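**Q** Given next are the chains, with one letter for each unit.
There are 2 protein chains.
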Amino acid sequence: MYIPTFDDVETARARIEPYVHRTPVLTSTFMNKLTGAELFFKCENFQKAGAFKVRGASNAVFGLGDEMAEKGVATHSSGNHALSLSYAAGRRGIPCHVVMPRTAPQAKKDAVIGYGGTITECEPSTSSREAVFAEVQAATGADFVHPYNDPRVIAGQATCSLELLEQTGGLDAVVAPIGGGGMISGTCLALSNVAPEVKIYAAEPKNADDACRSFKAGHIIADDAPETVADGLKVPLKDLTWHFVSNHVSDILLATEQEIIDAMKLIWQRMKIVMEPSSAVPLATILKNREAFAGKRVGVIITGGNVDLDKLPWMKK
Amino acid sequence: MYIPTFDDVETARARIEPYVHRTPVLTSTFMNKLTGAELFFKCENFQKAGAFKVRGASNAVFGLGDEMAEKGVATHSSGNHALSLSYAAGRRGIPCHVVMPRTAPQAKKDAVIGYGGTITECEPSTSSREAVFAEVQAATGADFVHPYNDPRVIAGQATCSLELLEQTGGLDAVVAPIGGGGMISGTCLALSNVAPEVKIYAAEPKNADDACRSFKAGHIIADDAPETVADGLKVPLKDLTWHFVSNHVSDILLATEQEIIDAMKLIWQRMKIVMEPSSAVPLATILKNREAFAGKRVGVIITGGNVDLDKLPWMKK
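Protein chains in written order, with the numbering used here: chain D, 5 to 321; chain A, 5 to 321.
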């Protein structure tokens, strides 16, 4: 297992700069009053391909030697990594093979195809997606870019927190959603090097709380196919992301489905931005743990904005 | 009839600066490819109180002498001017009386009350709202701040286009929605003074095309209670806004209800911002009139973001 270093982050930053946005940081008087904290929302929903995942995907794609690149890249993903890898491969002009659960939002499938990616569908479980993926990779010889358990991907995601720190001029804490742990690991990698005093909190859906249980148990616990509205956060930790989570995260905070939906709607309503349920988990946990954040300068990572506008969670009742 | 001058705009800009945002200008590779133009979206949906109307309302409220201010301000409005005047009055600490159609979105009513405004309801027609308003004004003695036919309001709205021009470094055209004509009049007032070469287009719902018919006829034609999803654009031109529209607008372009809804959804989906149906009319007309805009640098004013998330227009079918 190669653990990425801060040098890898600096290399990634220079490498991906032509292909990604330096996304804005938004603030809201309303949200500050509501939480008692000073919140800085890093808007990766405005990122290329609609999510932070394009940082890690671009780092992997543009770091490949020419010979390897010719065979293309392949991955399995519940959505945003698929879009991002397709986008990055498209920019480099190489093939991209994606294994996606058949239940993934249609908007995400359409976007993968729009960027030139090729989709093979699997069942919505970790075991099925890994089996189908093995077949695809064997057939194509493409380079596997794991959605999160890949040092190139983690080094790419780390560039997000570096920007956030520069844009805010210093923070007391950062809260980011946790699924497989790619964004959190990147955050740990960046901040432990440049601002080790900043506390790092992971925010997780109560319905998919495997990271929280792993954190308490001291070893990885994986669930197969948990159900949550935060569809980007269903996947389990792996060895590389576990390394960062177990060493650098201060706490993992949980939110219920209703708390996530309420926080999402509140952000849409008051901040006028379109973002995914996964991105609302941090605000949901901050609202539940007021005392931990009141009076603090807190970075909140809005991880993505790829939502199916025909299936908004508050419409389902 | 006092016609506001560029001096009034500069006074307004200095006066309202502490109370309004200099909103960002967003661009989108996708939208540029789609239209063949280079589009610059001025995001007044991120404005205080969620709409550009806070510019004119703040200019009126903070321009009042202390004695007049004590009695407060009053208005009738289909929504955003009501929010904006309530916000501005709240910042100054004076009363704000609002006459609103009973059919106005609940989100807008809640927001008026949240800012400290007092609502009196009327029927959803121009005639009813004017009658009810006369009663309210007689009872309170508050200063009438008309939603658009007021030189203080138009001078305030003009600050939006000044910023847009500075932020883009020059444009060939600006497209803004037209209802009563306040934003368009401000745009005319600003651009005819600082950049008279920029063409000004007004974008109007076909279902509420009174401004377009007025423009062609050469005199004001007013409809009572037209029906359109763009609920901010139902009101007719008045003498002061007619002055600017008839003298400075290049053309008034129309869009159907479905074109407006499609353009709105496209902006939400691709640009990840929450904005109102009214704000989608400019993009809808640009998509219909490609040849007029292709190859040009075009400013598009996203006028507001106060939408009822439980009643999105593409959910109604």
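What the hints contain is simulated information worked out from the structure, not anything from laboratory work. Remember, it's a predicted structure, so these values are computed and weren't measured experimentally. Careful: at least some of the hints might be erroneous.
It does not matter which identical chain is used: a pair holds within one copy or between any two.
[Unchecked claim] Each computed DMTMM-like pair below joins lysine to aspartate or glutamate, with the alpha-carbon atoms no more than 25 Å apart:
#: 1; residue 1: K113; residue 2: E42
#: 2; residue 1: K75; residue 2: E134
#: 3; residue 1: K37; residue 2: D312
#: 4; residue 1: K242; residue 2: E170
#: 5; residue 1: K292; residue 2: D243
#: 6; residue 1: K37; residue 2: E21
#: 7; residue 1: K300; residue 2: D114
#: 8; residue 1: K242; residue 2: E125
#: 9; residue 1: K210; residue 2: D227
#: 10; residue 1: K203; residue 2: D147
#: 11; residue 1: K75; residue 2: E42
#: 12; residue 1: K292; residue 2: E127
#: 13; residue 1: K37; residue 2: D114
#: 14; residue 1: K269; residue 2: D314
**Q** Now tell me, hint by hint, if it's right for this structure.
**A** Cross-check of the supplied hints:
1. In this assembly of identical chains, K113 and E42 lie within 25 Å of each other by CA distance neither inside one copy nor across copies; the values are 37 Å within and 28 Å between.
2. Taking the shortest alpha-carbon separations for K75 and E134, only the intra-copy value of 20 Å comes in at or below 25 Å, while the best inter-copy value is 70 Å.
3. In this assembly of identical chains, K37 and D312 lie within 25 Å of each other by CA distance solely across copies; the values are 22 Å between and 30 Å within a copy.
4. For the homomeric pair K242 and E170, neither the shortest alpha-carbon distance inside one copy (30 Å) nor that between copies (49 Å) is at most 25 Å.
5. Taking the shortest alpha-carbon separations for K292 and D243, neither the intra-copy value of 30 Å nor the inter-copy value of 53 Å comes in at or below 25 Å.
6. With identical chains, the CA atoms of K37 and E21 are at most 25 Å apart between copies only, with a shortest distance of 22 Å across copies and 35 Å within one.
7. In this assembly of identical chains, K300 and D114 lie within 25 Å of each other by CA distance neither inside one copy nor across copies; the values are 41 Å within and 30 Å between.
8. Taking CA atoms no more than 25 Å apart as the test, K242 paired with E125 passes inside one copy only; the shortest distance there is 23 Å, against 59 Å between copies.
9. Proximity of K210 and D227 under a CA criterion of 25 Å is satisfied intra-copy only: 12 Å inside one chain copy versus 54 Å between copies.
10. In the homo-oligomer, the alpha carbons of K203 and D147 never lie at most 25 Å apart, since the shortest distance is 35 Å inside one protomer and 51 Å across protomers.
11. Neither within a single protomer nor between protomers do K75 and E42 lie at most 25 Å apart by alpha-carbon distance, with minima of 47 Å and 36 Å respectively.
12. In this homomeric assembly, K292 and E127 never come within 25 Å of each other (Cα to Cα): the closest approach is 34 Å inside a single copy and 42 Å across copies.
13. Only between protomers do K37 and D114 lie at most 25 Å apart by alpha-carbon distance; the minimum there is 18 Å, versus 39 Å within a single protomer.
14. When the C-alpha separation of K269 and D314 is checked against a cutoff of 25 Å, the pair qualifies both within a copy, at 15 Å, and between copies, at 10 Å.
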